[in-house]
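Peer 1: Protein chains in written order, with our numbering: chain P, 1 to 174; chain H, 1001 to 1772; chain Z, 2001 to 2278.
Don't take every hint at face value.
[To be verified] Computed list of lysine-lysine pairs in PhoX-like fashion (alpha-carbon distance at most 20 Å, straight line):
(1) H:Lys1460 <-> Z:Lys2266
(2) H:Lys1058 <-> H:Lys1127
(3) P:Lys72 <-> Z:Lys2277
(4) H:Lys1058 <-> H:Lys1276
(5) Z:Lys2263 <-> H:Lys1772
(6) H:Lys1460 <-> Z:Lys2215
(7) Z:Lys2005 <-> H:Lys1772
(8) H:Lys1460 <-> Z:Lys2157
(9) P:Lys164 <-> H:Lys1712
(10) Z:Lys2274 <-> H:Lys1460
(11) Z:Lys2277 <-> H:Lys1460
(12) Z:Lys2019 <-> P:Lys21
(13) Z:Lys2157 <-> Z:Lys2019
(14) P:Lys133 <-> Z:Lys2215
(15) Z:Lys2263 <-> Z:Lys2215
(16) Z:Lys2051 <-> P:Lys72
(17) Z:Lys2005 <-> P:Lys21
(18) Z:Lys2266 <-> H:Lys1772
[Stated by the list, open to error] Partial pick of chain H residues on the chain P-facing surface, computed with a CB cut under 8 Å:
(19) Ser1009
(20) Ile1013
(21) Glu1307
(22) Gly1507
(23) Ile1711
(24) Val1714
[Said to hold, decoys possible] Pulled from the structure, derived: some chain H residues nowhere near chain P, Cβ distances all over 10 Å:
(25) Glu1023
(26) Lys1150
(27) Glu1172
(28) Glu1174
(29) Ala1202
(30) Ile1203
(31) Gly1417
(32) Lys1453
(33) Gln1593
(34) Gln1613
(35) Arg1691
(36) Glu1721
(37) Thr1722
What the hints contain is simulated information worked out from the structure, not anything from laboratory work.
Ideal Cβ placement from N, Cα and C applies to all residues, glycine included.
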Amino acid sequence: MSTFGKKKSYKKNLQENFDIKISININGEELIANTNATETLLNFLRRIGYKDVKCGCEEGACGACLVLLDGKAVNSCQIFAASCENSKILTSNGLGDSNNPHPIQKAFVDAGAVQCGFCTPGMVIATYDLLNKNPQPDEEQIKNALNGNLCRCTGYVKIIEAVKLAASYMKKSN
Amino acid sequence: MGYKYIEKSIEKIDGKALASGDEIFTDDVDIDCYHGVFVRSPHPYAKILDIENLEQIKKFNGVKEIFWYKNTPQTLYTSAGQGYPEPSPYDCRMFSEYVRYAGEPVALIVADTLENAENAASSLVVKYEEKKPLFDFVNAESSDVIVHYKDGSFAKIPVRYEPDKNLAAYVEVEAGKFKENYEKSERKLSRIYGNHIAQHCAIEPHAAIAYFDQRGRLTIITTTQVPFHARRITSMVTGIDASIIRVIKPRIGGGFGSKQEVILEPYVAYAAWVLKYPVKIRLSRAEVFFGTRTRHQYQMIMEAGYEKDGKINAISMTAIENAGAYGPHSLTVLTNVGSKTLPILNKIPNVKFVGKSLYSNVVVGGAYRGYGATQGQFALNCFIDEILQELELDPVDYFNKWAIDENESSPIFKALGEGTEGVEQVVKANNLKKCLIKGAELFDWKGKRLQYKDEKNSNKRYKRGVGIAVLMQGSAIPMVDMASCYLKMQDDGSAILMTGATDIGTGADTVFAQIVAETLDIPVTKVHVIAADTDVTPFDTGAYASSTTYLSGNAVLSAAKKVKNQIIEVAAKILKTDPENIKLENEFAYNGQNKVSYADIVRYAMYQHEQFQIQAVSSEYCKLSPPPFAVHFAEIEVDTLTGKIKVLSYLATVDCGTPINIALTEGQCEGAIVNGISYALTEKYYFKNGRMLNPSFNRYKIFNTMDIPPIKVVLIPSYEETGPYGAKSVSEININGPIPAIANAFAYATGIRLYTSPFTPDVILGLLNSSK
Amino acid sequence: MNKAKLKWYNPQNFEEAYKIHLNNPLIIPCAGSTGILRTKRFKNEGFINLKYCNLSYIKEDKINNIIRIGATTTFNEIIEYLKSQNYSEDSFFGILLNSLSSAASYPLRNRITIGGSLFDLPIWSDIISPLLLTETNIIYNDDKNILLPEYIEKRKKIPHIIKEIVIKYNTNIQYFTQRFSLTNFDYAVFRFSFSYSISQDFRFNYFNCAISGTKNLIFIDKSFNEQFINICLDDEESLKKVIEKQLFGFSSDFRFDEEYKEKTCKNLLIESIKRIKN
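With the rest of the complex left out, here is chain P (with noise of 0.2 Å):
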């Protein structure tokens, strides 16, 4: 019996099955880790352990898988970690966490956004891509930034106005 499952041999095939190097940029820390030809960015952040992003769908449909991926917001689910050598990426994680969040973060608690969790860190990074460019967006721009990210909590009301107290935040905070 395996307790926790501790096997060796097994660590070892995994090792296999990961043969192309890269050296990527995550929340600030430089690293070199092991990928493969087809392994999206999505699988590989999770199976090194970044396991705030999420995975919904696989598909490029709910956006629960978000990141920033060199200053740009993307579904990491539809891109290859191979293809991200240099590459800078940024997770909800690194932008804060519980005891330290973000104003973001912080927003989206506040204004009552967060129900189940699953699709908030991606939301937050989307409502971070939008809030570097546009730092007063109207509903309209919000609404369309975070066309990506589908919820099925909270229908979105308070998502929005997550987002607006956000922008406010961020504004006190400059």
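Since the structure of chain P is already known, use the hints to place chains H and Z on it.
Peer 2: What follows is chains H and Z alone, placed relative to chain P:
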């Protein structure tokens, strides 16, 4: 009411952790494990003859085992997450010799990596003997195709269950005498409605992982709404001793009923047991669509006999349910079609409800927010609206006159239970009529009815209309559900609450923390909630039947009150006075000017004198199910060139008793409304020979930020004495409003009635053109 | 098939890139990767990463009304550029902006490239019907060029990697485009685009219409266009006559049948033309 922590938008206790991605969902559990991938049937009904290349695939890179019907327990069970004995038929097996719907699991391949498992699964060749499938559920009783043919399926409780006639459930209740009063009515109307199959679309797919801990106990971490039921059923199905099974619910990414099922747990448990290694299964999005559960399709027949002044003498509702290939929740959803709708018009003296659930070879129906009320409200609200149109009566005025009032009851409460007899109740907390009046005023109901009254006769491209839906639901299942919890104080004055209740994203943990905070007068941030771990927390039925706030919250309140009394007792000893003189405020106990902190009180009790742990256990079962009420107002516009319906504005006035957390309550309403609107307009399963053609968010459309209309939710709280701080429930009710409200608004705009959902543009354009 | 044996190539210039592909057409170009991952095209032998080939640019020649867009320029990059130029809604760039903005979703538009989407050319393409109203040249491989209509036909037969899209548009005519879909983030059921010019007395003296989403991917018909000449914008009857007797030719899918698509397309087309006057 002047609460400190109740009726406030307190920050969700797991909010920051969720927003930053710190919190853990099932698939985030990071242990080395094997991965399981299902091979599923492409046929709607077939016998599995053999797996042709079984030995060859077993030798594939990384494959550890292939499970199918020949090497797994053949225990019959129901996957329905319900209390024991489950009121759903025991008609499914982990793997069966027969497959009864396209998508049913045929085999489970377990390999060392997901890729290896997928590779092996796609190469498995199964030999089937196809059988003629049954899709026409309405006439299933007389079909020569029997979905469960002599396979041992049985009903655990004494209800009518006849699988040899494809009958999964049957209910018939009558209050008064329908037929004779229908016959002698001045006017009569009879209509047939049909709603469609839909999927919950929680953004987190179903997943489960099973592993042995350091003492050899089998732990299952799973996306479940029902950890205790999952433990019991997994043990029963696999034969693994229940005492070594522990089920833990982590954060859940939405459920809405799809996770009120024991779907993956037996598989991961059994595979881990056999392979002596952790095993994980995570379903793909496509598998969630056709391999989990759906909203039941129904055909509803409404009949009523009435007078021209609007008095309804007799009403009958016949509900024919498409159970799908198996019957979890088939009986209970069926009874709710009547029990969560008909009591609204409690003054109708003769009411009949007949319900039938029939098997067919399609995806399996199960629990889905609304749970029968959704289907029933479509029929009832549209039917009444059509009658009112004929009689030229205004719907708001009509319901204001005839809907159930405070301190009234309905014979349906007692007549229609969930497989057993129901529970009589008098509805005390009832702001339904206030919701009607206030909503009509805010929405400018009369103004809009006047403004749009000639739309149907106009030649405009865009026609507008307004319609309402009057709703009720329940709060827990009376005389059946039970909730319990444990509360203790720590020596710094903070509290630890252990509850069996399942927060599936609803914010239940936060609501419980608020209840403890309010009762003890300590900050919410000093209440730490540990939930839904079958080893650690006491029993709770789980997150369903809108029971968490009302029932589990009552258990929390009861424990908090006991702890409060203990704090007072010890404080009285410390301050050398009688307990009656002690006042609690903001983490201090006072006797006049003398005070002592909770921290000191707990330390005194723990270390100094007549030592004991300040703690309490409580267990509540509910004797009533006080209904929340809501009235929905929809303003729609239909494009007569394309048939597309657009919701211009939507208002919901809601009475859920005291809203313990206002932001969370509004969030429940808003989310349910948007879900209901896309259910009405854009969500649809397309089938070919029983196989779902569109199992993808790209082809099964739910709303995004740009699709939503302006939505306003107004809470009009009543005070329910039997609920914690006056609360009832709110999680399900609002999903039932959009279909009838939109259909009624459409009828006002065009003069055309809608009887089948969804109201997709092609259907609407066809109706518009054929009416010209 | 062993997916892990696929190789990645990271050419530092475009010449290197297309030579790899010509040498072995089973080694396929990868720009945004959304097309490849959607269709899970892993039966190839490798991927050519176009990231380092300097194909992300937009060059406008306002004098000759030509715009050159590098093949790996993303939809959002083009949208941002067009927004900054403040073109009017009824100019070519106005309808190009409209079309690109409705494709897929915001984060996907950060990956979908103009070259990739023209190579893929799915039936729901939002970009094809506006482009067919212009003279568009596809530059590929060693600066070979091919006009768009011919490219559509031949693209699966010639091993190639697109280098640049050269669009020559008209500024003295007006443009319109409209798509139909069920929700906002949804494949287009169809998109029609037309360019036109009208005389002083509101008669068409030029009309060109392209409809995507049809059975053969595109409907564009010279004799259909010609029938509009001299019809007055107000003359609903004549407009209806021309449009209703034409068959655009949609095929039924599980969502909408061909009659519905045909009827709706026609209804919307007539309505759009009627509204030109306003």
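Peer 1: Hints first: check each against the structure and report whether it holds.
Peer 2: Outcome of the hint check:
1. At most 20 Å may separate the alpha-carbon atoms for a hinted pair to count; H:Lys1460 and Z:Lys2266 meet this at roughly 17 Å.
2. A distance of roughly 17 Å separates the Cα atoms of H:Lys1058 and H:Lys1127; the hinted pair therefore holds under the 20 Å criterion.
3. Restraint check for P:Lys72 and Z:Lys2277: the C-alpha separation of about 41 Å exceeds 20 Å, so the hint is violated.
4. Distance check on the hinted pair: H:Lys1058 and H:Lys1276 sit about 17 Å apart at the alpha-carbon level, within 20 Å; holds.
5. A threshold of 20 Å between alpha carbons decides the hint, and for Z:Lys2263 with H:Lys1772 the separation of about 15 Å falls inside it, so the pair holds.
6. Note on H:Lys1460 and Z:Lys2215: the hinted pairing is violated, with a Cα-Cα distance of about 32 Å set against a maximum of 20 Å.
7. At roughly 63 Å between alpha-carbon atoms, Z:Lys2005 and H:Lys1772 are farther apart than 20 Å, so this suggested pair is violated.
8. About 50 Å separates the Cα atoms of H:Lys1460 and Z:Lys2157, which puts this hinted pair outside 20 Å; it is violated.
9. In summary, the hint linking P:Lys164 to H:Lys1712 is supported, as the alpha carbons are separated by about 18 Å, within the 20 Å threshold.
10. For the hint pairing Z:Lys2274 with H:Lys1460, the CA-to-CA distance comes to about 15 Å; that is within 20 Å, so the pair holds.
11. At most 20 Å may separate the alpha-carbon atoms for a hinted pair to count; Z:Lys2277 and H:Lys1460 meet this at roughly 19 Å.
12. With a CA separation close to 25 Å, the supplied pair Z:Lys2019 and P:Lys21 exceeds the 20 Å bound.
13. Among the hinted pairs, Z:Lys2157 with Z:Lys2019 is consistent with the structure: their alpha-carbon atoms are about 17 Å apart, no more than 20 Å.
14. Distance check on the hinted pair: P:Lys133 and Z:Lys2215 sit about 40 Å apart at the alpha-carbon level, beyond 20 Å; violated.
15. Of the pairs offered as hints, the one joining Z:Lys2263 and Z:Lys2215 holds, with about 15 Å between alpha carbons and a cut-off of 20 Å not exceeded.
16. Pair hint Z:Lys2051 plus P:Lys72 holds up; C-alpha atoms about 15 Å apart against a cutoff of 20 Å.
17. For the proposed pair Z:Lys2005 and P:Lys21, the alpha carbon gap of about 14 Å is at most 20 Å, so the pair holds.
18. For the hint pairing Z:Lys2266 with H:Lys1772, the CA-to-CA distance comes to about 18 Å; that is within 20 Å, so the pair holds.
19. Interface hint status for H:Ser1009: upheld, as the beta-carbon distance to the closest one in chain P is roughly 6 Å, under 8 Å.
20. Of the supplied interface hints, the one on H:Ile1013 is violated, with its beta-carbon coming no nearer than about 10 Å to a beta-carbon of chain P, more than 8 Å.
21. Given the 8 Å rule on beta carbons, the hint for H:Glu1307 is violated: about 41 Å separates it from the nearest Cβ of chain P.
22. Nearest Cβ of chain P to the Cβ of H:Gly1507: about 7 Å, under the 8 Å cut. The hint holds.
23. Below 8 Å, beta-carbon pairs count as interface contacts, and H:Ile1711 has one with chain P at about 6 Å; its hint therefore holds.
24. Residue-level restraint check for H:Val1714 is violated (minimum Cβ-Cβ distance to chain P is 13 Å; threshold 8 Å).
25. The beta carbon of H:Glu1023 sits about 6 Å from the closest Cβ of chain P, which is not more than 10 Å, so the claim that it is off the interface is violated.
26. Listed as outside the interface, H:Lys1150 is consistent with that label: its C-beta sits roughly 40 Å from the nearest C-beta of chain P, beyond the 10 Å cut-off.
27. Once the 10 Å rule is applied to beta carbons, H:Glu1172 is consistent with being away from chain P; the minimum gap is 36 Å.
28. For H:Glu1174, the non-interface assignment is confirmed: its Cβ lies about 39 Å from the closest Cβ of chain P, beyond the 10 Å cut-off.
29. The claim that H:Ala1202 lies off the interface is violated: its Cβ sits roughly 6 Å from the closest Cβ of chain P, which falls inside the 10 Å cut-off.
30. Consistency note on H:Ile1203: stated as away from chain P, yet its beta-carbon is not over 10 Å from all of that chain's, at 5 Å minimum.
31. With a least beta-carbon separation of about 30 Å from chain P, H:Gly1417 lies farther than 10 Å from that chain, consistent with its non-interface assignment.
32. Remark: the non-interface label on H:Lys1453 is consistent with the geometry, its nearest Cβ contact in chain P lying 31 Å away (cut-off 10 Å).
33. Every C-beta of chain P lies more than 10 Å from that of H:Gln1593, the closest at about 38 Å, which supports listing it as non-interface.
34. Non-interface call for H:Gln1613 relative to chain P: holds, since the shortest CB-CB distance, roughly 29 Å, exceeds 10 Å.
35. For H:Arg1691, the condition that its CB be more than 10 Å from all CB atoms of chain P holds, with the nearest at approximately 19 Å.
36. The non-interface label for H:Glu1721 is consistent with chain P: the shortest C-beta to C-beta separation is roughly 28 Å, beyond 10 Å.
37. Against chain P, the non-interface label of H:Thr1722 holds: every CB pair exceeds 10 Å, the least being about 27 Å.
In summary, the structure is inconsistent with hints 3, 6, 7, 8, 12, 14, 20, 21, 24, 25, 29 and 30 from the numbered list given earlier, while agreeing with the others.
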